[in-house]
Amino acid sequence: MRSAVLLLCCVGLFAAFIQPKTPAPVDTRLYEMRVYYSPEGKQPDLMARFRNHTMRIFEKHGMTNVGYFVPQHKPDSCLIYFLSYPNRAARDSSWKAFGSDPEWKKVSSESEKNGRIVSKVISKFFHTTDFSPQLQIDQKGNRVFQLRTYKTTPYNLPLLLARFRNHTTKLFEKHGMTNLVYWTEDNTDNILMYLLTQKSKEAGEAAFKAFREDPEWVSVRTASEKLANGSLTESVTSVYLVPTDFSPLK
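So the sequence shown is residues -18 to -1, 1 to 232, counted in mature numbering (1 follows the signal peptide of the UniProt record, and there is no 0).
Hints listed in this document are in silico derivations from the structure and should not be mistaken for laboratory results.
For every residue, glycine included, the Cβ atom is placed at its ideal position computed from N, Cα and C.
Careful, some of the hints might be misleading.
Unchecked claim - FRET-style restraints, in silico, Cβ to Cβ:
#  : residue 1 : residue 2 : range
1  : A205      : P84       : 56 to 66 Å
2  : S213      : G158      : 19 to 29 Å
3  : S217      : K42       : 20 to 30 Å
4  : P136      : R33       : 37 to 47 Å
5  : R130      : E41       : 43 to 53 Å
6  : A205      : T160      : 33 to 43 Å
7  : D171      : S75       : 36 to 46 Å
8  : P57       : E187      : 13 to 23 Å
9  : D171      : V17       : 42 to 52 Å
10 : G212      : D112      : 24 to 34 Å
11 : K78       : K181      : 34 to 44 Å
12 : K102      : D196      : 20 to 30 Å
Model the full assembly from the supplied sequences, consistent with the hints where possible.
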């Protein structure tokens, strides 16, 4: 009898923690993050190609340019950018048309007369979470973007999403951080990726310090880890990004 009562109490606690609030309208578009690495000394050529040609040809074929960034700590290491599409079929159709476009073929050939300007490409696909703000592609300027990626421990993505939905995003705002967008990676069950904006990297680091020391956050984290019988995350990566001069999102 006592065991049954304890079980019911645990179930009640779990339900209370993950109970979703009324969700905002969900952005159903498919997002793609692409990371381009260039041979040494070739990144300026890659940037020029995007600035002068590639973005316009993307739009011509139905792709939406969201944002283009470089890592703040090492801006010449890679180009990170985001596109969006109505769905995966539209994405594949757009890229097929882009790849066979005579204008693109000419631009690509001319830009690589002195050697390849892209040495490696990474591509990943995402959908927005039910608690994500609607992504506004605007140019406010005077801010940096923080890209954070969480890999959860086995089976704990739902608990992590619940913690963000019901608590974390509000605590971020409390400490001066702006929630921009939250995504889960397609075809995985353990990745949450999101973008925050802050006035500067220093301001962001100070805000996270205050957040981590907030008694409310400590209580929330403790309660969620009790339900999971341990940490919800296996790894967390954070990169501060600076928008390029041609980025639609700044």
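Structure-based check of all given hints:
Distance hint for A205 and P84: a CB-CB separation of about 59 Å, consistent with the stated range 56 to 66 Å. Taking the beta carbon of each, S213 and G158 are about 26 Å apart, inside 19 to 29 Å as hinted. Distance hint check for S217 and K42: the Cβ-Cβ separation is about 39 Å, which falls outside the suggested range of 20 to 30 Å. Checking the proposed 37 to 47 Å range against P136 and R33 shows it holds: the Cβ atoms sit about 43 Å from each other.
Between R130 and E41 the CB atoms are about 28 Å apart, so this pair departs from the stated range of 43 to 53 Å. In this structure the supplied range 33 to 43 Å is violated for A205 paired with T160, their Cβ-Cβ distance being about 26 Å. Separated by about 28 Å at the C-beta atoms, D171 and S75 break the suggested range of 36 to 46 Å. In this structure, P57 and E187 meet the distance hint of 13 to 23 Å, their C-beta atoms being roughly 19 Å apart.
The hinted range of 42 to 52 Å is not satisfied by D171 and V17, whose Cβ atoms lie roughly 22 Å apart. Our hint of 24 to 34 Å for G212 and D112 holds, since their Cβ atoms are close to 25 Å apart. A hinted range of 34 to 44 Å holds for the C-beta pair K78 and K181, which are about 41 Å apart. At roughly 40 Å, the beta-carbon separation of K102 and D196 lies outside the given 20 to 30 Å, and the hint is violated.
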